[in-house]
Amino acid sequence: MFDDFFIRALVAGLGVAIVTGPLGCFVVWRRLSYFGDTLAHSALLGVTIAYSFQFNIALSVFIISSIIALILIQLQKKTNLPGDALLGLLAHSSLAVGLVVIGFLTFIRFDIMGLLFGDILAVTLNDIIIIWFGGALILLMLKLIWRPLFASTVNYELAEAEGLNPDRAKAIFTILMAAIIAISIKMVGLLLITGMLIIPAAMARNISDSPIKMVIFSIIGGVLSVIIGLFTSLEFNTSSGPSIIAAALFLFILSLFKIKQSVQLKN
Amino acid sequence: MNDNILVKLKNAGFRIKNKWLVQSVSFQVEKGKIVTLIGPNGSGKSTTAKIALGIFKKIEGEVEKYTNKVGYVPQKISIDWTLPLRVSDFMVLTENIKSEDIDEALTLTGVIHLKNKNLGSLSGGEFQRVLLARAISKKPELLVLDEPVQGVDFTGEIALYELIKKISDELNCGILLISHDLHTVMSATDHVVCLNGHVCCSGSPIDVARNNEYKALFGEQASKTLAIYEHKHDHIHSNDGEIKKN
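Line order of the protein sequences matches chains L and W.
One point on numbering: in the working numbering, the residue at position 246 of the first sequence is 246, and numbering is uninterrupted.
Converting from the second sequence to the working numbering requires adding 267 to each position, the first position being numbered 1.
Hints listed in this document are in silico derivations from the structure and should not be mistaken for laboratory results.
All values derive from a computational prediction rather than experimental measurement.
Note that CB positions come from ideal geometry on N, CA and C, so glycine has one too.
Hints should not be assumed to be uniformly reliable.
Said to hold, decoys possible - From chain W, some residues computed to sit far from chain L (all C-beta separations above 12 Å): (1) P307; (2) Q342; (3) D420; (4) I431.
Said to hold, decoys possible - Ranges of calculated distance between the beta carbons of each label pair, as one might list FRET restraints: (5) L:A171 - W:D270: 18 to 28 Å; (6) L:W146 - W:T334: 18 to 28 Å; (7) W:I344 - L:F236: 18 to 28 Å; (8) W:E367 - L:K213: 16 to 26 Å; (9) L:G83 - W:A483: 53 to 63 Å.
Said to hold, decoys possible - In the DSSO-like style, the derived pairs of lysine-lysine whose C-alpha atoms are separated by at most 27 Å in a straight line are: (10) W:K275 - W:K286; (11) W:K384 - L:K213; (12) W:K365 - L:K213.
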């Protein structure tokens, strides 16, 4: 059944959506969109290193993204620059270095478009295994740190005062972000991964009144986006990443009507 | 070693760069006792509470905490409304709590009808009551209440202070209370620490009220108010004008 490239892409995409759903909620709640972008941009460097040394792409991206996250934390402590400037600095310099390195790797044929926007033809059985096992691991870790992470998202001092160790939860969450980018890069492409995290979660926010509902709707939204996006991609021969994100945007726009209704009810 | 001690500060202080927020604070909170921190704005009351809670870690001096069952009502809480959060979700924020305990706490603070409301839709006073309910529903050993009745209407304020006293008796928990409202707080307090960047005086409410440094800090009037309030409670005037000891 996995012989068909489309089935492989669908299975991989669904795996990605199930994991980006809950993680994306935290990205929205903790205002980490630009942080996600920075990690995703640095992924290009990870990919080039993987090609240069014949290394596993997901693992290489995971390591480079984690290192960038660590550098960011250090820069935040040691400099007086505002957070967004540091994020921009790291995002664009790691992207630039990645592109320069690609320039040197003339002996390898690079599918830059596939890298930036995702390529469903490239999904192998191996990728599916990485996505589902890696994804299960990410969700398990997220479940373990859920309470301290969520409590400190609501209020850091409450979490700290009542003995939840929010700093450790935050560190683990950063690693999980690097991990989701690593496993979803082939499906969505590195320019659009943050969209996969944010848009279904934003859609879910519009129609939820509790955190758990938002997580569930975010997963459903992501899954629907992948299904609609991949079918569109197959039908019209468009890149998989943009098709999925456009489908997510479509769902987001639909969710706005629900807000409009509830606002009218209130008035 | 006294095992009733829940948290003990020894010459504790906290500074940001070279500015001391508070220094040389020593006191302890024991089971079943209420310790009240008073002092003018910027005197380091909230900072002291955060030292006791372990929120501030790089401190001078020592803080020994003997319990992890803590309920905290912070003075300022800014909740991000990007979060869809109902009162019932907020109640289980840091710990799983049985639903009957949640209902009981919300009933005690008078906000059970708001259980399924979104946190963002509450008024300041309602939110304050929810904060207090959340802290007590955990049945903590140590309750730290930083201006717990701010924004609550006057009758509600008295009722909530009575509730705090009742909780301290029922749960036998230690309470560290911060208030600028000396008048209402004092009747229940066992020990008062008067802060002004350092401990300016401490002791029983009546001792503090008579203390000259306290008078200097809050003025003669505050001292009198306090003394009168205390006075009301140590005897009763019967109808014929005779004074009976309480």
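Taking the beta carbons of W:I344 and L:F236, is their distance inside 18 to 28 Å? Cβ of W:I344 to Cβ of L:F236: about 50 Å, so the range 18 to 28 Å is violated.
Does the structure keep W:K275 and W:K286 at a Cα separation of 27 Å or less? Holds, at roughly 24 Å.
Quick check: does the Cβ-Cβ distance between L:W146 and W:T334 fall within 18 to 28 Å? Since the Cβ atoms of L:W146 and W:T334 sit about 24 Å apart, the hinted range of 18 to 28 Å holds.
Given the proposed pairing of W:K365 with L:K213, does the C-alpha separation stay at or below 27 Å? holds (21 Å)
Could you check the hint for me, namely that L:A171 and W:D270 are 18 to 28 Å apart, CB to CB? violated (35 Å)
Non-interface claim for W:P307 versus chain L (Cβ beyond 12 Å): holds (23 Å)
Is it true that the C-beta distance of L:G83 to W:A483 lies inside 53 to 63 Å, as the hint says? violated (45 Å)
Distal placement of W:I431 relative to chain L, Cβ over 12 Å: The assertion about W:I431 holds, with a minimum of 18 Å to chain L.
Checking the smallest CB distance to chain L, is W:D420 really beyond 12 Å? holds (25 Å)
Could you let me know if the closest chain L CB is still more than 12 Å away from the CB of W:Q342? violated (10 Å)
Next pair to validate is W:K384 with L:K213; report whether the Cα-Cα distance is within 27 Å. Distance ~15 Å between W:K384 and L:K213 Cα, so the pair holds.
Regarding W:E367 and L:K213, is the given constraint of 16 to 26 Å on their beta-carbon distance met? holds (24 Å)
The structure is inconsistent with the numbered hints 2, 5, 7, 9, although it conforms to all the rest.
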